[in-house]
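With the first letter of the sequence shown counted as 1, position 257 gets the number 237 in our numbering; the numbers rise by one all the way through.
Any given hint might turn out to be false.
Said to hold, decoys possible - Straight line, CA to CA, 27 Å or less: simulated DSSO-like cross-link-like pairs of lysine-lysine:
no., residue 1, residue 2
1, K199, K224
2, K235, K199
3, K235, K224
Quick caveat, the hints were computed from the structure, so don't treat them as lab data.
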Amino acid sequence: MRAVTQTAPGGPETLAVTELPDPVPGPGEVLLDVAATAVNRADLLQRQGFYPPPPGASDVIGLECSGTVAALGEGVTDLAVGDEVCALLAGGGYASRVAVPAGQVMALPAGVDLVTAAALPEVACTVWSNVFMVAGLRPGDVFLVHGGGGGIGTFAIQLAAASGARVFTTAGSEDKLARCRELGAEVAINYREDDFVDVVRRATDGRGADVVLDNMGAKYLSRNVDVLADEGRLVVIGMQGGTKAELDIARLLAKRGAVIATALRSRPLDGKARICASVVEHVWPLVADGTIRPVVSAVLPLEEVGEAHRMIESGEAVGKVLLTP
-19 MRAVTQTAPG GPETLAVTEL PDPVPGPGEV LLDVAATAVN RADLLQRQGF YPPPPGASDV
41 IGLECSGTVA ALGEGVTDLA VGDEVCALLA GGGYASRVAV PAGQVMALPA GVDLVTAAAL
101 PEVACTVWSN VFMVAGLRPG DVFLVHGGGG GIGTFAIQLA AASGARVFTT AGSEDKLARC
161 RELGAEVAIN YREDDFVDVV RRATDGRGAD VVLDNMGAKY LSRNVDVLAD EGRLVVIGMQ
221 GGTKAELDIA RLLAKRGAVI ATALRSRPLD GKARICASVV EHVWPLVADG TIRPVVSAVL
281 PLEEVGEAHR MIESGEAVGK VLLTP
């Protein structure tokens, strides 16, 4: 198979397409012929040597894909060769073939083409599991998501708005802010010019946010606690702003608030399978009826993987960047 490899951690220039042996599906796994994969922020960290794959996962970068079932491992009975699907991966997506546990393979939402479907698994599973399954976002809640112009942000805005929440988001350019509003954000905040704590509090008569989805980590921790409403939930899913910060427990106690840090990639297989099944049940119907739309900035051939990484790293992309093998 064709796959992206690198000889040492580093910049986008370290990535190259080479030939590797085809993966073989083990018991409970499915072999997919990959139609497309997507670039995620976590991929940049893995490329730099900061986010190694979990034990047993492929060293090839790539946390999601779409494709066609090519072979079934022992014990897989609910899929068939030729099925068009998308999948959540622990690794291996930047390749023409990948083996994946059957519980992480999902049928395509109606109306979504096979290539575009590669933009869905990671964002849908991340947002649904964290914002709804963990943080329990409810209709009428105030929801703040940072990085509204990215893959996670564009999906979270749409899903939260569809649930009946009031959606606030941050982004760093007027173009991205406008796109966030188009997707359903009630208030889009330029983090380069305005303090999101002040903006959210003014717009909610001092209440603050019931749920915050944060990709920044340390840099935003103190202000995220400040912006929480009473009994608010802060869910940290990224470390773009560092890994260590001071937490004022007294402020958190006064609000009866919660700070939750989660990772999707390292979850046990049965946990990922439950999330995927819940996404198919609750999220795919909203994609099928057009309430939620995959947001794709560019589709590039696998050979342009370095450019795809640069697009994500620079922040110029809105939504997802896809790669086709």
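How the hints compare with the structure:
1. In summary, the hint linking K199 to K224 is supported, as the alpha carbons are separated by about 8 Å, within the 27 Å threshold.
2. For the suggested pair K235 and K199, the alpha carbons sit about 21 Å apart, so the restraint of at most 27 Å is met.
3. Of the supplied pair hints, the one linking K235 and K224 holds, its CA atoms being roughly 22 Å apart against a limit of 27 Å.
In this structure, every one of the numbered hints holds.
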